[in-house]
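Colleague: Chains as they are written, first to last, in our numbering: chain A, 1 to 426; chain B, 1 to 439.
If you're looking for bench data, these hints aren't it; they were derived computationally from the structure. Computed from a prediction, not measured in an experiment: that's the story for all the values here. We treat Cβ as the ideally placed atom computed from N, Cα and C, and that holds for glycine. Do not rely on the hints blindly, as some may be mistaken.
[To be verified] Here are the simulated distance ranges between beta carbons:
# : chain 1 : residue 1 : chain 2 : residue 2 : range
1 : A       : 420       : B       : 229       : 25 to 31 Å
2 : A       : 193       : B       : 39        : 49 to 55 Å
3 : B       : 41        : A       : 415       : 54 to 60 Å
4 : A       : 354       : B       : 49        : 33 to 39 Å
5 : B       : 41        : A       : 196       : 47 to 53 Å
6 : A       : 185       : B       : 430       : 42 to 48 Å
7 : A       : 166       : B       : 392       : 30 to 36 Å
8 : B       : 353       : A       : 242       : 40 to 46 Å
9 : A       : 336       : B       : 234       : 32 to 38 Å
[Claimed, not checked] Partial list, computed: chain B residues near chain A (C-beta under 7 Å):
#  : residue
10 : 119
11 : 123
12 : 134
13 : 135
14 : 163
15 : 164
16 : 257
The chain contents come next:
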Amino acid sequence: MTDAGTTPPNHAAQREPRRRRRWRARNLLFVLGPGLIAANAGNDAGGIATYASAGSQFAYRALFVMLLVTVALVVVQEMSARLGVYTGEGLVSLIREQFNIRLGFFAVVCLMTANIGLVISEFAGIGAAFELLNVSRYISVPIAAVVIWGLVMFGSYRYVERVFLIFTIPFLAYPIAAIVAKPDWSEVGKQTVIPHFVGSRGFLVMVIALIGTTITPYMQLFQAAAVVDRGASPDDYRSARKDAVTGAIFSNVISMAIIIATAAAIGGTGALSSAKQAAEALRPMVGGGAVALFAIGLLGASSLAAAVVPLSTSYAISEAVGVERSVSSRFREAPLFLGLFTGQVVVGAVIALLPGNLINLLINTQVLNGLIAPVFLTFILVLANRRSVLGDAANKPAFRVLATVCVGTVGVLALAVVAMTVVGWF
Amino acid sequence: MSVVFRIWPRRRPARERARPASTIRFATGHLISAAGLVGGVARNQAGAEIGRIKDIVVRWDDAAYPQVTGLVLRVGRRTSFLPAANIAEMDRSGVVLRSARLSLKDFERREGEIQLIDDLLDHQLIDVSGVRVVRSSDLYLASIVGTFRLVGLDVGMQSLVRRLGPAQLRRRPTPSRVIDWSTIQPISRPGEPLRLGRTRQALHRLRPAELADLVEELGSAQRQAFVSALDPDVAAEVLEEMEPEELEELLTDMPREQAASLLENMAPDEASEALREMDEEDRDEVLEEMGQVARTELTKLLSYDEDTAGSMMTSVTVTVTLSATVDEAIAALAGFAEDRGDIDGVLIVDDSGRLIDDIPLFDLLLADRSASVGSLTGAPYPVTVQDHEHIDDVLERFVDSRGTSVVVLDDDGRPVGRILADDVIDALLEDHRLGRRSQ
């Protein structure tokens with residue numbers, strides 16, 4: 001703070017000085033910086049469903065995969081932050097500048113597909129949360145879509161998002177739940193550290209879902225946009241990197257806690273089939289309130305992401321195209337921005353209403369995300385490798401190898417899932 | 001978290017800005033799309049393919065419409081330069097070379113030249129006439145008296161879509177939103193020097209507030225380059241117009257000496273407000289780099305609490321004692337030419353420095369040159385405020401006075417500064433914005 005040393009006269013203090021109020025708002029945002037936001041993005045509806053399903057189906061066996069995914073996430077988020085810091089531009093804008101227009105368009109199509117999957121999963125999460133509270137999703141999802149769309153369009157969204165953010169706090173209870181559940185810690189340790197793989201299609205699909213839900217293209221967009229908007233310059237790179245890395249690690253600690261807590265509660269009972277089952281993981285800690293607590297957390301995380309994901313994607317694309325991107329503009333003035341946002345919300349809500357099991361839908365959208373992830377990651381990797389983009393901050397040889405291995409591995413796994421699915425058709 | 005994205009305008013929304021329509025004076029039929037030319041064929045006189053067009057090079061000088069100096073061709077696996085002098089014809093689909101035999105040189109970037117595809121297409125540029133940052137979707141060439149020149153910039157989405165299509169479609173210009181090139185200012189890529197040389201003139205036609213809008217639209221690296229490339233005095237004026245938070249970011253990021261010298265050039269009240277936004281450590285380091293006079297003055301302004309009269313006043317005052325003549329008072333004014341915007345009148349003080357009266361410049365001008373300023377004093381006496389009084393009280397006093405400024409006094413009644421109407425507008429505007437936000 002600027003004026004920590006001086007004490008304002010009494011009358012000034014009572015009046016709540018203007019500038020001080022502004023500072024406080026900024027500090028709050030700093031606390032809720034990319035770190036916590038990354039954590040929330042990873043632990044949205046799709047994330048919870050996928051981690052819980054991994055825990056229930058394969059118990060602790062998924063932990064080693066998560067360890068690898070954490071490394072990959074750290075690498076990818078660091079590259080995104082670095083691109084933002086050194087170029088001062090969003091990722092989609094950079095892609096437009098650096099690749100030919102068709103490749104850039106391909107990247108945007110992949111991004112949009114992955115994001116629509118994500119938005120579907122957020123609305124599915126809202127539906128599932130309300131179903132836990134005995135409200136049909138055919139009522140809750142359309143209302144939620146209209147409310148979220150309206151809040152963003154009419155500008156009061158900024159205040160509501162804090163409420164959503166507070167709603168997500170129950171999910172921070174997972175690490176405690178994981179401890180209270182008294183898991184077999186030696187087993188947990190072994191399964192985390194010792195490399196292993198289960199050679200079944202089910203496991204492979206689950207791995208892709210875990211990757212897809214943890215390393216979402218939207219998170220990289222957000223990471224880069226966040227540092228750009230803070231006006232971070234190369235001097236701030238160290239702190240931006242620290243923020244990106246701790247955010248990624250923190251996010252995955254929560255993810256692994258979800259897996260451990262669920263595995264301890266219902267591990268080995270097969271794939272997750274309902275949100276109620278997932279809520280069981282919180283029972284050892286909070287008892288009867290587990291379902292309600294889980295529902296609130298799921299609702300908060302889903303609502304937050306249902307607004308932020310389409311908003312940030314529309315923003316990034318409009319920025320790259322170079323058109324008006326303000327929610328306060330009329331449709332005629334910003335057709336692309338408002339159209340993309342509205343389209344994503346509508347498509348997401350409609351698909352989430354199609355009959356079928358919501359948990360399956362949630363996990364399938366994460367698989368889709370996992371299949372697309374390597375494409376977008378390749379763009380980031382190529383950008384971060386280019387000296388013409390980053391100068392001396394371009395990937396160093398060792399980092400380049402590590403990043404290539406990460407992206408390559410994700411790509412090979414995605415191809416394997418596609419191949420196995422295609423083979424399965426015959 | 002959505003605060004991360006600038007979807008809520010901080011200043012006037014773009015549509016409120018004056019945006020003179022810049023029209024292009026060339027018929028669509030004669031325009032060649034630079035994006036469409038890429039991949040086009042370069043043939044010799046016999047009609048045989050020599051290579052494919054990869055990029056277009058223009059000279060980067062003071063010309064309103066930069067001249068094409070040559071093409072970058074891909075010939076087999078090599079990248080060669082084809083000078084404009086060797087081009088016999090150029091149309092949308094490619095070029096025909098002048099001579100049958102041709103010595104193609106390997107392409108190398110040269111000083112004073114710029115590549116349309118690599119450096120400008122899809123990059124951010126400044127539209128000076130519209131005071132906004134745009135991104136180019138296509139660049140148009142036209143032949144003017146026998147030489148090809150860069151004449152227009154396309155920012156339309158239609159052209160982006162067209163470029164996705166097959167070659168036939170790609171080559172046909174779709175100038176739905178074209179800006180005349182003479183009003184365009186490129187921005188540097190990070191790490192490269194800003195190419196301000198060319199249309200600096202056009203940029204300087206903008207008002208400081210408009211330049212400030214542009215600076216706020218740029219990314220941090222580009223801002224640095226942009227501000228550094230401006231004339232120091234203009235830069236200081238631009239910074240005065242920026243939002244305090246944005247200004248704080250900009251100043252914190254730049255080298256300390258540069259920040260210090262910019263702040264020294266700014267009006268003291270604006271400079272102290274910017275310093276107030278900074279972390280204590282950054283602030284001390286910047287103050288350290290300043291000259292003695294500026295440092296003392298700014299340190300004094302900073303010692304006032306926020307939201308008091310002292311923190312919003314400008315410390316520039318012209319003071320004479322009772323015994324001075326009108327002539328001497330006018331001579332004293334001459335030394336403050338740079339601060340003319342901050343001076344509303346000449347303050348008359350007694351021998352111990354206490355305020356007696358504030359003589360408006362108008363009165364001074366009409367008075368007899370040889371008269372003593374004492375003869376001009378008398379009711380109505382100026383409206384004054386104490387330096388530690390709260391802004392709200394200042395506002396009330398201001399409204400009561402119906403004047404354009406109030407004089408700020410210290411506890412002993414000595415004038416320490418002046419609050420002008422524009423400072424009050426800033427304060428009110430901030431209140432207004434906060435009020436709207438918290439609704």
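Colleague: All the hints need checking, so say for each whether the structure fits it.
Modeller: Cross-check of the supplied hints:
At roughly 57 Å, the beta-carbon separation of residue 420 of chain A and residue 229 of chain B lies outside the given 25 to 31 Å, and the hint is violated. Here the CB-CB span from residue 193 of chain A to residue 39 of chain B is close to 53 Å, well matched to the stated 49 to 55 Å. Between residue 41 of chain B and residue 415 of chain A the beta carbons are some 38 Å apart, a value that contradicts the proposed interval 54 to 60 Å. As the Cβ distance of residue 354 of chain A to residue 49 of chain B is approximately 54 Å, the hint placing it in 33 to 39 Å is violated.
Distance hint for residue 41 of chain B and residue 196 of chain A: a CB-CB separation of about 57 Å, inconsistent with the stated range 47 to 53 Å. Our hint of 42 to 48 Å for residue 185 of chain A and residue 430 of chain B is violated, since their Cβ atoms are close to 56 Å apart. At roughly 34 Å, the beta carbons of residue 166 of chain A and residue 392 of chain B sit within the given window of 30 to 36 Å. Between residue 353 of chain B and residue 242 of chain A the beta carbon distance is about 53 Å. The supplied range of 40 to 46 Å is therefore violated.
Range check, residue 336 of chain A to residue 234 of chain B: Cβ separation about 35 Å, and the 32 to 38 Å hint holds. Interface restraint check: residue 119 of chain B against chain A, minimum CB-CB distance 10 Å, threshold 7 Å, status violated. Given hint, residue 123 of chain B at the interface with chain A, holds; its Cβ is 6 Å from that chain's nearest Cβ, closer than 7 Å. This hint holds: residue 134 of chain B has a C-beta 6 Å from the nearest C-beta of chain A, less than the 7 Å allowed.
Annotation: interface hint on residue 135 of chain B holds; nearest CB of chain A at approximately 3 Å, less than 7 Å. Hint status for residue 163 of chain B relative to chain A: holds, with the closest Cβ pair at about 5 Å, below 7 Å. Restraint check, residue 164 of chain B versus chain A: the minimum CB separation of about 6 Å is within 7 Å; hint holds. Restraint check, residue 257 of chain B versus chain A: the minimum CB separation of about 15 Å is more than 7 Å; hint violated.
Consistency note: the structure conflicts with the earlier hints numbered 1, 3, 4, 5, 6, 8, 10 and 16.
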